[in-house]
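Participant: Model the full structure from these sequences, guided by the hints.
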Amino acid sequence: MKTTGYLGIDVGSISTNVVVIDPAAEVLFTAYRRVEGHPIHSVQRAILEMQAALGDSVEVAGVCTTGSARSLIGAVVGADIVKNEISAHARAALQLHPDLQTIFEIGGQDSKVTIVRNGVVVDFAMNLVCAAGTGSFLDSQAKRLSLSIEELSERALLSQDPTTIAGRCTVFAESDMIHKQQTGHAQHDIVMGLCHAMVRNFLGNVCAGKEIKPPVVLQGGVSANQGIRRAFNEALNTQVIIPRHSMVMGAYGAALIAAKANPAPTRFRGYGLCEHEIATRGFRCADCANRCEIIEIVDGGQTLGRSGGRCRKWEQQR
Amino acid sequence: MTALAMPPMGNYSIALAASVECLRVTPWTSRSTTPEMMTLGAEAAPEFACLPFKATLGHFIQAAREGVEYGVMVNSVGTCRLRYYRELQQKILKERGLNLHIFGLGYDGIKPPLIRHFDPTPAAFLRCSARAFFKVRAVDRIEEQAWRTRARERHGGDTTRVMDTCLNDLDQARTVGSILAVTRSVRGRFESVPVRTDARPLRVGLLGEASVLRDKYLNHNLEETLGSLGVEVRNFFLLGNEMAKIFHISRWSKDSRRSLMRLARPYLKSVVGGHALESVAYTMACARDGYDGVVHIAPTGCMPEISVRPILRKVSQDLKIPVLELSFDEHSSHVGVVTRLEAFVDILRDRQRSGT
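Sequence order for the protein chains is A and B. Counted from 1, the first sequence has number 129 at position 129 by our numbering; the numbering is strictly sequential. Counted from 1, the second sequence has number 251 at position 251 by our numbering; the numbering is strictly sequential.
A few of these clues could be false.
In silico contact screen, one side only, chain A against chain B (beta carbon under 10 angstroms); selected entries [unchecked claim]:
1. Asn84
2. Glu85
3. Val120
4. Val122
5. Cys207
6. Gly209
Derived lysine to aspartate or glutamate pairs resembling EDC-like cross-links, with alpha carbons at most 20 angstroms apart [said to hold, decoys possible]:
7. Lys313(A) with Asp119(B)
8. Lys313(A) with Asp158(B)
9. Lys213(A) with Asp318(B)
10. Lys210(A) with Asp158(B)
11. Lys314(B) with Glu211(A)
Since the hints were derived computationally from the structure, they do not count as laboratory data. Every residue, glycine too, gets a C-beta built ideally from N, C-alpha and C.
Facilitator: Next comes the structure, spelled out in structure tokens:
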């Protein structure tokens, strides 16, 4: 007997996450894989993984995409809903921890704070122009130290006396880390210092002017990092909550949104889309002086959708 | 004929272009900044100059390259660094070997320099001023209709299409009679757009710095993006109000500086410059008039608008009106802007649904 499943897909700068839930909001399947510069391929592989795991036991009844590639992937898979990641993350966090008041979400290139009161989102903020304090910076530092991202995380916990790192900007932070390394500081103290700097930067800039009240939930890819968790606990003087699906909360939220909307019938294009060669081609719209770059998503001879304009003219045409 | 470069002021550019015909010049202008202008301006301007400085400088550079000899730029006192922009832009143009003379728009003796130089006949001046006046009113009419219709349209893009034809016709209109005819036709034309009537759209006030409020390239098409999310916007920079303020008419209207200062007094007692007073006063007015939220926009580093942001947060808390702050510079990412707007609209919808 087939169960009904709702599919949530979150494609961000670093990772592609896929979650399938049943109508009771129980998670049936999760996948977390790196985008590696190719969002469409990463989604196709993740959906293949899902097919292998669930087979024919699940009938997909609704799809929601989120993350920075939400409209592209929405066209590729045939999403019923395309939702911004701030709302998707909040939806997921509130499902697991209805009493929360603050959500920190730190992903590959974005970091966000969402303020919740009485179970309703009332305010949010997102980092502006700088990637300091996000996952891609941790990634590049791990690479520079020849550590895996997991080793970096464990290394931070060894630190007894973290050193101070300038956290305002990635370039300055990196030169400061190198300076500390050349003057002989232990690697784990530098790594933990970096975690403190990132958390300081996050609380000082992204959360500026916001009232941070516990319970605080920390999610997104960076929430897996032990050093960052420790730095948050120390800075806020409270135990931040790491939700059960912390790495894939965006996709989980998207799945919940799809389940709530319960579209009938779904526009999901089926597992078959993984075998197709889906290509994109760009052109410049010449209709006004903006000369927007429009991206057309093509599957064989069929145009799945267009995106990229400043006005919504191209998105409307099918 | 001599050409005169006039930096874009949104759809009001149509009216501003009409106003200079009496000077026997061809207006060189557009309704919004273009990417080319932005690139030229950003490259020539000091890094920390604000977005409007870069956009208008780029406009003048492109104009000069196309052989335009004259330009006009606001340089009135009592605003912000804007008062030095004409001087600085003139200097930058000169250093680059570009021959474009920029007139200041502010008073300088009895007549503004522009009038002194081109010396229009009083009859021509009055005729063009009248046309400009009626074109400003027509633009306001078109925009108000567009804001209302776009939030309700069934097929995305219909409203914008109707709006564009209205604006083009207005641009072509040469006599007061034909301008009024366009104005009268606006309502009927928008009524041809199929709309849905089931849901009450959210109402959001747009406030902040004038050129990012008015230039849809600089503000990433804010009005259309919100409109397509089912939001009825109101852009609080209205040129008619602004002129009335500058020339001290309509002292007693609710949009006069006096009334705004009285309204904002609990939160703002001193002069900040720019449109900071308007930002505070109209945010309070929006809360009073039952708006669902306010989007406050400014160029990155805009002194007057950033000075009042902490006040806006206080107003937002006290009067329970959500305020989204957005800052724009030439590096702003479009996706980032849209994500924030979508999330903000989600918050407003939740509030509307829960009735708080």
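Participant: Grab the minimum C-beta distance from Cys207(A) to chain B and call the hint holds if it beats 10 angstroms, violated otherwise.
Facilitator: 13 angstroms, violated
Participant: Between Lys314(B) and Glu211(A), is the straight-line Cα distance small enough, at 20 angstroms or below?
Facilitator: Status holds; Cα separation ~13 angstroms.
Participant: For a C-alpha distance cap of 20 angstroms, please report whether Lys313(A) and Asp119(B) respect it.
Facilitator: It is violated: about 45 angstroms lies between the C-alpha atoms, which goes past 20 angstroms.
Participant: Take a quick look at whether Lys213(A) and Asp318(B) sit within 20 angstroms of each other, Cα to Cα.
Facilitator: Roughly 19 angstroms separates the two Cα atoms, so the pair holds.
Participant: Holds or violated: is there a CB of chain B closer than 10 angstroms to the CB of Val120(A)?
Facilitator: 6 angstroms, holds
Participant: Hint Asn84(A) vs chain B: min CB-CB distance below 10 angstroms?
Facilitator: Holds. Min distance 4 angstroms.
Participant: Grab the minimum C-beta distance from Val122(A) to chain B and call the hint holds if it beats 10 angstroms, violated otherwise.
Facilitator: Holds - the Cβ of Val122(A) comes within 10 angstroms of chain B, reaching about 7 angstroms at its closest.
Participant: Could you check if Gly209(A) really has its C-beta closer than 10 angstroms to a C-beta on chain B?
Facilitator: Nearest chain B Cβ about 6 angstroms off; hint holds.
Participant: Could you grab the alpha-carbon distance between Lys313(A) and Asp158(B) and see if it respects the 20 angstroms cut-off?
Facilitator: With a Cα-Cα distance of about 9 angstroms, the restraint between Lys313(A) and Asp158(B) holds, given a limit of 20 angstroms.
Participant: Is Lys210(A) close enough to Asp158(B), meaning Cα to Cα at most 20 angstroms?
Facilitator: Not satisfied, since the Cα-Cα distance of roughly 39 angstroms exceeds 20 angstroms.
Participant: With a cut-off of 10 angstroms, does the beta carbon of Glu85(A) approach a beta carbon of chain B closely enough for the hint to hold?
Facilitator: 7 angstroms, holds
Hints 5, 7 and 10 from the earlier list are contradicted by this structure; the remaining hints agree with it.
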